[in-house]
Amino acid sequence: MMCERCGKELTAGSVFNKPMCRKCAISITVKELFSRLILPLVGAYILYWFASGWFANSSDKLILCALVVGVPFGFGRLRVLLFPGGGSSVAGSIGVLLLNVLGGALIGWAVLAYRIVTTFFLTIYRLIRIVAFRPSSGTYVT
Numbered sequence: 001m002m003c004e005r006c007g008k009e010l011t012a013g014s015v016f017n018k019p020m021c022r023k024c025a026i027s028i029t030v031k032e033l034f035s036r037l038i039l040p041l042v043g044a045y046i047l048y049w050f051a052s053g054w055f056a057n058s059s060d061k062l063i064l065c066a067l068v069v070g071v072p073f074g075f076g077r078l079r080v081l082l083f084p085g086g087g088s089s090v091a092g093s094i095g096v097l098l099l100n101v102l103g104g105a106l107i108g109w110a111v112l113a114y115r116i117v118t119t120f121f122l123t124i125y126r127l128i129r130i131v132a133f134r135p136s137s138g139t140y141v142t
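Position one of the sequence shown corresponds to residue 1 (UniProt numbering), numbered consecutively onward.
In short, the hints are calculated from the structure, not lab data.
It cannot be assumed that every hint is accurate.
Claimed, not checked - The following label-pair restraints were derived from C-beta to C-beta distances:
{"hint": "1", "residue 1": "Leu64", "residue 2": "Gly92", "range": "56 to 62 Å"}
{"hint": "2", "residue 1": "Leu39", "residue 2": "Leu106", "range": "20 to 26 Å"}
{"hint": "3", "residue 1": "Glu9", "residue 2": "Leu97", "range": "55 to 61 Å"}
As the list claims (entries may be wrong) - Result set (DSS-like, lysine-lysine): computed pairs, CA atoms no more than 30 Å apart in a straight line:
{"hint": "4", "residue 1": "Lys8", "residue 2": "Lys31"}
{"hint": "5", "residue 1": "Lys8", "residue 2": "Lys23"}
{"hint": "6", "residue 1": "Lys8", "residue 2": "Lys18"}
{"hint": "7", "residue 1": "Lys31", "residue 2": "Lys18"}
Just so you know, even glycine gets a beta-carbon here, dropped at the ideal spot from N, CA and C.
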């Protein structure tokens, strides 16, 4: 069998449900690790760094920083945005906007934690499958 990406001899099995060589399988695994784990963690750290400067004198610094970090990860996944009604005052509109941001921040922390855990275990699983494949017999080491 031949690799679907580069055309070389199959050496990694069907880690991605496609036949591919070991080099292509490792490059895809590293690329997904970088894009799904490293970049979000770097982004979260940069946001935490900025937020820790904003809330330097606050007693609830950690909670406020956590909310700031969670907003970009969760606001897009917030399916129901609350909109103020037609007769709402300015204070009611600001309160509803704050409720939307807090909901997005809480969802964002759950999304970020889920992404970190799943990507970590998926990368380990794929690397084990890449290493355990026997190209001569086309089976995995058990």
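Hints versus structure:
At roughly 23 Å, the beta carbons of Leu64 and Gly92 sit outside the given window of 56 to 62 Å. In this structure the hint that Leu39 and Leu106 lie 20 to 26 Å apart at CB holds, the actual value being about 22 Å. Between Glu9 and Leu97 the beta carbons are some 58 Å apart, a value that agrees with the proposed interval 55 to 61 Å. At most 30 Å may separate the alpha-carbon atoms for a hinted pair to count; Lys8 and Lys31 meet this at roughly 20 Å.
At roughly 10 Å between alpha-carbon atoms, Lys8 and Lys23 fall within 30 Å of each other, so this suggested pair holds. Proximity of Lys8 to Lys18 is assessed by CA-CA distance (about 13 Å); at most 30 Å being required, the pair is judged to hold. With a C-alpha separation of about 17 Å, the suggested pairing of Lys31 with Lys18 holds against the 30 Å cut-off.
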